[in-house]
Amino acid sequence: MGSVALSDRQLRIKSIQYRLKILKYIKMANAGHTGGSLSCIDILNVLYNRILRVSPQTFGHPDRDRYIQSKGHSVEALYVVLADRGFFGESELETLCRYMSRLAGHPTRKVPGIEHNTGALGHGLAFAVGVALTGKKDGRAYRVFVLLGDGELDEGSNWEAMMAASHYGLDNLIAIVDRNMLQITGPTEQVCRLEPLADKLAAFGWSVRIADGHDIPALTDVLSAVPFEPGRPSAIIARTTKGKGVSFMEYDPSWHHGVPDNQQYEIAQQQLEQLLREAGGGQ
Amino acid sequence: MRYMLVNMQNCRMVYGQTLVELGREDDRIVVLEADLGRTTMTKLFEKEFPGRFFEVGIGEQNMISVAAGLALCGKIPFANSFSVFATGRPYDQIRVSCIGRLNIKIVGSSCGLSDFGDGATHQAIEDVAIMRAIPNMTILSPADGIETKKIVRAAARYDGPVYIRILRNDVPDVTAQTGEFKIGRPTVIREGTDVVIFAHGYMVYKSLKAAETLEAEGISVKIVNVSTLKPIDEKIIRSMASGTKGVVTVEEHTIIGGLASAIAFSLRGTGLMIEAVAVNDRFGQSSLNYEQLLEHYGLTVEAIVKAIKKVLR
Chain L
1 MGSVALSDRQ
11 LRIKSIQYRL
21 KILKYIKMAN
31 AGHTGGSLSC
41 IDILNVLYNR
51 ILRVSPQTFG
61 HPDRDRYIQS
71 KGHSVEALYV
81 VLADRGFFGE
91 SELETLCRYM
101 SRLAGHPTRK
111 VPGIEHNTGA
121 LGHGLAFAVG
131 VALTGKKDGR
141 AYRVFVLLGD
151 GELDEGSNWE
161 AMMAASHYGL
171 DNLIAIVDRN
181 MLQITGPTEQ
191 VCRLEPLADK
201 LAAFGWSVRI
211 ADGHDIPALT
221 DVLSAVPFEP
231 GRPSAIIART
241 TKGKGVSFME
251 YDPSWHHGVP
261 DNQQYEIAQQ
271 QLEQLLREAG
281 GGQ
Chain E
284 MRYMLVNMQN
294 CRMVYGQTLV
304 ELGREDDRIV
314 VLEADLGRTT
324 MTKLFEKEFP
334 GRFFEVGIGE
344 QNMISVAAGL
354 ALCGKIPFAN
364 SFSVFATGRP
374 YDQIRVSCIG
384 RLNIKIVGSS
394 CGLSDFGDGA
404 THQAIEDVAI
414 MRAIPNMTIL
424 SPADGIETKK
434 IVRAAARYDG
444 PVYIRILRND
454 VPDVTAQTGE
464 FKIGRPTVIR
474 EGTDVVIFAH
484 GYMVYKSLKA
494 AETLEAEGIS
504 VKIVNVSTLK
514 PIDEKIIRSM
524 ASGTKGVVTV
534 EEHTIIGGLA
544 SAIAFSLRGT
554 GLMIEAVAVN
564 DRFGQSSLNY
574 EQLLEHYGLT
584 VEAIVKAIKK
594 VLR
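Sequences listed follow chains L and E, in order. When we follow the numbering used here, the leftmost residue of the first sequence carries the number 1, and every step to the right adds one. When we follow the numbering used here, the leftmost residue of the second sequence carries the number 284, and every step to the right adds one.
Heads up, some of the hints might be wrong.
As the list claims (entries may be wrong) - From the structure, some residues in chain L lie toward chain E, with a derived Cβ separation under 8 Å:
| hint | residue |
| --- | --- |
| 1 | G113 |
| 2 | V129 |
| 3 | G130 |
| 4 | M163 |
| 5 | S166 |
What the hints assert, rightly or not - Restraint ranges, calculated between C-beta atoms of paired labels, are given here:
| hint | chain 1 | residue 1 | chain 2 | residue 2 | range |
| --- | --- | --- | --- | --- | --- |
| 6 | E | F566 | L | G169 | 39 to 49 Å |
| 7 | L | G169 | E | D310 | 51 to 61 Å |
| 8 | E | F548 | L | R102 | 32 to 42 Å |
Stated by the list, open to error - When the alpha-carbon atoms are kept at most 20 Å apart in a straight line, the in silico SDA-like pairs for lysine to any residue are as follows:
| hint | chain 1 | residue 1 | chain 2 | residue 2 |
| --- | --- | --- | --- | --- |
| 9 | L | K136 | E | K592 |
| 10 | L | K137 | E | V289 |
| 11 | L | K136 | E | K518 |
| 12 | L | K137 | E | E331 |
| 13 | L | K137 | E | R436 |
| 14 | L | K137 | E | L305 |
| 15 | E | K326 | E | L305 |
If you're looking for bench data, these hints aren't it; they were derived computationally from the structure. Using N, Cα and C, we set each Cβ at its ideal position, and we do this for glycine too.
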C-alpha cells in the first residue's frame, strides 16, 4: 500500500469526502447509481486504504490482491476510490459516463485498477472463483475480494459459484455482501426473499460473519480476520443502508438510479458537510 | 479428381487427445467441464492432468465465468459441454468475456443434430447464429478428425475468445493431412467450375458426395470448407465464388444466422444465384439413427444435388 497508515478518524472523514465526490460526479454526469454507491463506499474505503495489497504500481503484479466489484452498477464509488488511490487522475472523474470516456456506467478493464468487466449481475463471484483457483494452483498468496449486491443474489449463477468455491476449498476468496435490503423494485425480502442469508451461505460451505458495513473499525476487524476458517471461503454480510449519509435517499429504492436536482443536491451536500464537520474534517 | 473417403475418425476422441497433447506442451492449458467429461472426452485430460482439470458440475454459467477468471490470470482455459448448453445457458457470461476479449475457449460437443437420440433439447442448431452475433468472437467448425486437431491447436495459440463446434459421431476424413490451419481462411476441398458449395462440419463430406454424383452428369462443383464461421473474409468468399454460375451453402444448423446468412451477405450485389441447404427454422427431434435425422431435415446428398441444379437453372 505504501502510504502512511490512516487512523479510524481519518478514514471516517475520507468516507464522507468520498460520498461528496460520488454525488458531485453523478450530478455532473446526470447519471449514476447513487443509492448503492453510498451503501458500499465504507467497505471500499476500508478495502483500498487498509486491506488490499494493491496499488497503481503493483496492479500488473501476479501476486496483487484482487478486488472484483460484482455489483458493477455502484461503479461511481469504485471510480472515486481508485482516483483517490492514484490509479488515475481525479479530473478524469468529470468524464463519468461521457462519450469516449474510460469511465463507463459499469466497470471495464480499460480503467486502471479494474480487474474485469462487471455489471451484468451474477458473474463476479464465479469470475473470482477462477482467479482464486489460479492462486491456489500456482501457489500464490493473493486474496480475492468480491463485492456482491444483495439483490444480485437472485441470480442463480452466484449459487453455482458458491458451491464451486467451497468445493475447491478456496479460503483465499472473500465475498462481501452489501446487504442494504433494497433492489430496484423494492425490499429484497418482498421481491424474492433472501433470508436466512447467513444460514444459506453457511449451508453452501462458507464461513460467514456479519458486520456493520458503515463501521470503519468493525469492517477493518472482519476484513483483517480472513480467512475465517482454513479451507473455506469467507463471506461477510455487511449490513448497510442504501443511500447512506443523505437523509432523503436512505431506505428509498427510487434512489437506486437517480440524480438529485439542484435543490436536492444542495441539501445532500449540506448534510454531508455537516457530517464532515462533526467528524472533525470540515473546512 | 477422386477422393478416397475411407478413414473414419471420431472428432470427440481427437479433441480429447489433442487437449492432452496441448497439456503436455503448455502448462497454461487448463480444462473446465460441466459433468460431461465422459462424452466430451475431456476425461482424457483429467486423467493425465488432474490438477489442471476443474469439474464444476452441471453449471455452465459458473463454468464460463470461472474460465474468464483463469484466463485473466494467464491460463488458457477450455470450457466444455454440449454445444447447446455451452453456448445457450451461459450466453451472458460468454458475452461479457467477449467484451473483455478474454482468452477463453468454449468447446461445444455433440453439435448440430449429432446427438441424434436425445432430441430437440440437446441438439444445437442455432449455436452458430447466437455466437456469431457477439463481437470479438471467433467460431471454428472442423469438418473431420484431421481438422479437429489442427483447429484445437490453432485455438490454443490464438489469443482471444473462441467457440469450437465438435461433432459427436465418427466422420470420414475429408481435409488434407498437410497444410496449416489458419483462422479465417476457408479452404478449397475440391476444384470445380460450374457451382461453388460453401459448407462446414460434416456437411463438407455430404457436399463431396453430391459433387461426385454431379460429376457423372458433367457438372463441375467446387467445394469450399468454411471451417472459420467468424470472422468471414468477404474478399476471399467473393473471389472463390467468382466465375461460377451459382452458389450453394450447406450446414447442419438453422438457416437463420449461420453459414447461409454469412455467405449470402458476403456475396451481396454479385448477382449470383444462391441456394441454402440447412435446417429450415425448426427444432430437432429424436431418432435412433443420425443419418435418418439428417434426411428428415433435408441435409442429404440428394438435397444438395437438387440445390445445385436449381442455381444452374
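Verification of the hints:
With a cut of 8 Å, the hint placing L:G113 at the interface with chain E is violated, because the nearest CB-to-CB distance is about 14 Å. Annotation: interface hint on L:V129 holds; nearest CB of chain E at approximately 5 Å, less than 8 Å. At a threshold of 8 Å, the smallest CB-CB gap from L:G130 to chain E is about 2 Å, leaving the interface hint in force. With a least beta-carbon distance of about 7 Å to chain E, the hint placing L:M163 at the interface is held under the 8 Å criterion.
Because the smallest distance between the Cβ of L:S166 and any Cβ of chain E comes to about 12 Å, over 8 Å, the interface hint for this residue is violated. Range check, E:F566 to L:G169: about 42 Å between beta-carbon atoms, so the 39 to 49 Å window is met. Between L:G169 and E:D310 the CB atoms are about 22 Å apart, so this pair departs from the stated range of 51 to 61 Å. Look at E:F548 against L:R102: about 33 Å separates their beta carbons, and that is inside 32 to 42 Å.
The hinted pair formed by L:K136 and E:K592 fails the criterion: a straight-line CA distance of about 61 Å is larger than 20 Å. Only pairs whose Cα atoms come within 20 Å are accepted, and L:K137 paired with E:V289 is rejected, the gap being roughly 44 Å. This hinted pair does not check out: L:K136 and E:K518 have alpha carbons roughly 47 Å apart, beyond 20 Å. Straight-line distance between C-alpha atoms of L:K137 and E:E331 comes to about 16 Å, which keeps the hinted pair within the 20 Å bound.
For a cut-off of 20 Å, the pair hint linking L:K137 to E:R436 is broken: about 24 Å separates their Cα positions. Restraint check for L:K137 and E:L305: the C-alpha separation of about 18 Å stays at or below 20 Å, so the hint holds. For a cut-off of 20 Å, the pair hint linking E:K326 to E:L305 stands: about 14 Å separates their Cα positions.
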